[in-house]
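Student: Generate coordinates for the entire structure from the input sequences, incorporating the hints supplied.
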Amino acid sequence: MATNTKKYLRLAQSLHPRLSRFFARYPPQAILSPSGTTVPPSQDSIIASADHIPSQEDASASPNPFKAQKHPVTGRWHDPVFSLRRQADLVKLARKYGVEELLPYTVKGTEERIRKRVENGLRVKGTGVGQRVKGKESERTLKGRLEKRRQAMLEMPQMIQTWKERGHGRGWKKWPK
Amino acid sequence: MAKKAKSRTIAVRLVSMALTGYYKTMIRPRLHRPLSMLKYDPVGTFDFITSYNGK
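Line by line, the protein sequences give chains E and D.
If you read the first sequence in full-length UniProt numbering, its first letter stands for residue 1, the second for the next number, and so on.
If you read the second sequence in full-length UniProt numbering, its first letter stands for residue 1, the second for the next number, and so on.
Take the hints with a grain of salt, since some may be wrong.
Said to hold, decoys possible - Capping the alpha-carbon separation at 20 Å, the derived lysine to aspartate or glutamate pairs in EDC-like fashion look like this:
| id | chain 1 | residue 1 | chain 2 | residue 2 |
| --- | --- | --- | --- | --- |
| 1 | E | Lys-92 | E | Glu-111 |
| 2 | E | Lys-67 | E | Glu-112 |
| 3 | D | Lys-39 | E | Glu-165 |
| 4 | D | Lys-39 | E | Glu-155 |
| 5 | E | Lys-125 | E | Glu-139 |
| 6 | E | Lys-116 | E | Asp-89 |
As the list claims (entries may be wrong) - Selected chain D positions facing chain E (Cβ under 7 Å, derived; list incomplete):
| id | residue |
| --- | --- |
| 7 | Val-15 |
| 8 | Ala-18 |
| 9 | Thr-20 |
| 10 | Met-26 |
| 11 | Ser-36 |
Unchecked claim - Stretches of chain E that chain D covers, calculated by requiring three or more beta carbons in the stretch to come under 8 Å of a beta carbon on chain D:
| id | segment |
| --- | --- |
| 12 | 143-149 |
| 13 | 152-163 |
These aren't lab readings, by the way, just hints derived from the structure by calculation.
Glycine included, each C-beta is placed from N, C-alpha and C at the ideal position.
Tutor: Following this line, the structure appears as structure tokens:
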């Protein structure tokens, strides 16, 4: 336990002040859960369960500061504590220090970004996984036409030979459409 | 009123047999047999036989 605490302390000291401030304000679950007995939020949760007040329960669970929250009493939506721009800044900083997995869920996270990229591709229609575009008819038939042309080219010497033998077009049957 | 007389010649299109879509437009007498020539196709870069496409 003590070694863990020391480890976390050293980590916190090595972090960027902005990150350490964030983690002080919103301690990550990964750090909280093993030392749950000493952390006051567990007591809060006991009180909350006794009182049956949902707002206190939410407070004990420390809502994700990267998400908009619905006020349990008034039902109004409150903006996230951190704007999308600041979320992205924090994610970038955390990635630099290798502690991104300690941040709460955010749409700016690397995993989420990769998932979106796979789903949507480059935001150009048809570049995502399993996506395709219909295309113009000329684009759809391009391959077949080129193949036909290639075949016709290969048969051309033979055709010219026949054409010459048949009197340069007299008695020619294969007129194009 | 009498119908207008047909012209003696017609414009025809010589279409590439290499299926490149290349063509040349020529004029031939209406009563002439279909045109058929060996010409150069710049698309396919190959000699080709063209044939008349009766208008």
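Student: Decide, hint by hint, whether the structure agrees.
Tutor: Against the structure, the hints come out as follows:
1. E/Lys-92 / E/Glu-111: Satisfied, since the Cα-Cα distance of roughly 13 Å is no more than 20 Å.
2. E/Lys-67 / E/Glu-112: Measuring from Cα to Cα gives roughly 14 Å; hence the hint holds.
3. D/Lys-39 / E/Glu-165: The hint holds at about 17 Å.
4. D/Lys-39 / E/Glu-155: OK: D/Lys-39 and E/Glu-155 at ~16 Å, within 20 Å.
5. E/Lys-125 / E/Glu-139: Holds, because 15 Å separates the two Cα atoms, which is no more than 20 Å.
6. E/Lys-116 / E/Asp-89: holds, 19 Å
7. Val-15: holds, 5 Å
8. Ala-18: Interface hint status for D/Ala-18: holds (5 Å vs cutoff 7 Å).
9. Thr-20: Holds: closest Cβ of chain E sits about 6 Å from D/Thr-20, inside 7 Å.
10. Met-26: violated, 13 Å
11. Ser-36: holds, 3 Å
12. 143-149: holds (count 3)
13. 152-163: Our answer is that it holds, as 6 residues pass the Cβ test (under 8 Å) against chain D, meeting three.
Hint check: a violation occurs at hint 10 only; the rest are consistent with the structure.
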